[in-house]
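Residue numbering for the sequence shown follows my numbering, starting at 178 and increasing by one per position.
It is possible that part of the hints are untrue.
To be verified - Only pairs whose alpha carbons sit at most 25 Å apart, straight line, appear in this in silico SDA-like list of lysine to any residue:
#: 1; residue 1: Lys263; residue 2: Val292
#: 2; residue 1: Lys263; residue 2: Ala206
#: 3; residue 1: Lys263; residue 2: Glu279
#: 4; residue 1: Lys263; residue 2: Ser294
#: 5; residue 1: Lys263; residue 2: Leu208
#: 6; residue 1: Lys263; residue 2: Leu249
#: 7; residue 1: Lys263; residue 2: Arg251
#: 8; residue 1: Lys263; residue 2: Ala202
#: 9; residue 1: Lys263; residue 2: Arg214
#: 10; residue 1: Lys263; residue 2: Thr297
#: 11; residue 1: Lys263; residue 2: Trp247
#: 12; residue 1: Lys263; residue 2: Arg290
#: 13; residue 1: Lys263; residue 2: Arg307
#: 14; residue 1: Lys263; residue 2: Ala245
#: 15; residue 1: Lys263; residue 2: Thr280
#: 16; residue 1: Lys263; residue 2: Pro277
#: 17; residue 1: Lys263; residue 2: Val276
#: 18; residue 1: Lys263; residue 2: Glu278
#: 19; residue 1: Lys263; residue 2: Pro285
#: 20; residue 1: Lys263; residue 2: Leu299
#: 21; residue 1: Lys263; residue 2: Ala306
#: 22; residue 1: Lys263; residue 2: Leu287
#: 23; residue 1: Lys263; residue 2: Thr283
#: 24; residue 1: Lys263; residue 2: Thr201
#: 25; residue 1: Lys263; residue 2: Leu305
#: 26; residue 1: Lys263; residue 2: Asn303
#: 27; residue 1: Lys263; residue 2: Ala304
#: 28; residue 1: Lys263; residue 2: Leu248
#: 29; residue 1: Lys263; residue 2: Pro253
None of these hints come from the bench; they were simulated from the model.
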Amino acid sequence: NRYGLTVDERTDSVYEVLVTDIGTAFLAARLGLPDNRRPQHDGLPAGNNLAADPWRLFRAADDARRAAEWLLARRPVMGEVDTWLKMATFLLSHHYGLVPEETLLTSPALAQRHVDSGITPLMAVNALAR
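Turn these sequences into a full structure, and let the hints steer you where they fit.
Structure representation (structure tokens):
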């Protein structure tokens with residue numbers, strides 16, 4: 178009962194899970210990551226008080242937004258090479274079905290040369306896929 182919204186601990190647990198699900202979606206969208214997971218709340222259980230007050234959904238979204246902003250403000254900023262490697266890995270695995278570790282594109286030294294030469298991850302992955 179971290180939120181202390183009600184005396185019904187089950188409703189508060191549902192609220193926490195809702196904040197977690199919304200916050201995860203916010204973080205995935207902000208970081209450009211796919212959100213393929215199944216929501217934890219899986220619908221509201223019968224008899225909880227969340228359905229009685231539609232504003233609780235907005236409060237949950239606001240709590241999730243604040244939590245996501247707090248986490249994002251404290252994460253280490255990725256450098257240009259790390260960002261390049263992350264993008265190349267995503268393209269290789271999700272769009273081409275290749276195992277990134279089986280290519281040279283996971284090498285930080287090679288990524289640095291590509292960054293210095295103005296070669297984008299998309300250009301490098303397309304050249305590799307040909």
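Now for the hints, and whether the structure bears them out:
Taken as a hint, the Lys263 and Val292 pair is honoured in the structure, with Cα atoms around 13 Å apart against an allowance of 25 Å. For a cut-off of 25 Å, the pair hint linking Lys263 to Ala206 stands: about 15 Å separates their Cα positions. Under the criterion of a C-alpha separation no larger than 25 Å, the hint pairing Lys263 with Glu279 is consistent with the structure, at around 15 Å. Between Lys263 and Ser294, the direct Cα distance comes to roughly 18 Å. Compliance with the 25 Å bound is thereby established for this hinted pair.
Proposed proximity of Lys263 and Leu208 is supported: the alpha carbons are some 11 Å apart, at most 25 Å. Using a Cα cut-off of 25 Å, the hinted pair Lys263 and Leu249 holds, with the two alpha carbons roughly 17 Å apart. Pair hint Lys263 plus Arg251 holds up; C-alpha atoms about 19 Å apart against a cutoff of 25 Å. About 19 Å separates the Cα atoms of Lys263 and Ala202, which keeps this hinted pair within 25 Å; it holds.
Using a Cα cut-off of 25 Å, the hinted pair Lys263 and Arg214 holds, with the two alpha carbons roughly 20 Å apart. Taking the CA atoms of Lys263 and Thr297, the gap is about 12 Å. The hint holds against a cut of 25 Å. With a C-alpha separation of about 23 Å, the suggested pair Lys263 and Trp247 falls inside the 25 Å cut-off, and the hint holds. At roughly 15 Å between alpha-carbon atoms, Lys263 and Arg290 fall within 25 Å of each other, so this suggested pair holds.
At roughly 21 Å between alpha-carbon atoms, Lys263 and Arg307 fall within 25 Å of each other, so this suggested pair holds. The suggested pairing of Lys263 with Ala245 holds, with an alpha-carbon distance near 21 Å, which does not exceed 25 Å. Taking the CA atoms of Lys263 and Thr280, the gap is near 14 Å; set against the 25 Å cutoff, the hint holds. Taking the CA atoms of Lys263 and Pro277, the gap is about 10 Å. The hint holds against a cut of 25 Å.
For the hint linking Lys263 to Val276, the alpha-carbon distance of about 13 Å falls within 25 Å, and the restraint holds. This hinted pair checks out: Lys263 and Glu278 have alpha carbons roughly 12 Å apart, not beyond 25 Å. Restraint check: the Cα-Cα separation between Lys263 and Pro285 comes to about 11 Å, which is no more than 25 Å; the hinted pair holds. Straight-line distance between C-alpha atoms of Lys263 and Leu299 comes to about 12 Å, which keeps the hinted pair within the 25 Å bound.
Restraint check for Lys263 and Ala306: satisfied, since their Cα atoms lie roughly 17 Å apart, inside the 25 Å limit. Proximity of Lys263 to Leu287 is assessed by CA-CA distance (about 13 Å); at most 25 Å being required, the pair is judged to hold. Of the supplied pair hints, the one linking Lys263 and Thr283 holds, its CA atoms being roughly 9 Å apart against a limit of 25 Å. For a cut-off of 25 Å, the pair hint linking Lys263 to Thr201 stands: about 19 Å separates their Cα positions.
Proximity of Lys263 to Leu305 is assessed by CA-CA distance (about 16 Å); at most 25 Å being required, the pair is judged to hold. Under the criterion of a C-alpha separation no larger than 25 Å, the hint pairing Lys263 with Asn303 is consistent with the structure, at around 16 Å. Pair hint Lys263 plus Ala304 holds up; C-alpha atoms about 17 Å apart against a cutoff of 25 Å. Our distance criterion of 25 Å between C-alpha atoms is met by Lys263 and Leu248, whose separation comes to about 19 Å.
At roughly 14 Å between alpha-carbon atoms, Lys263 and Pro253 fall within 25 Å of each other, so this suggested pair holds.
In summary, this structure violates none of the numbered hints.
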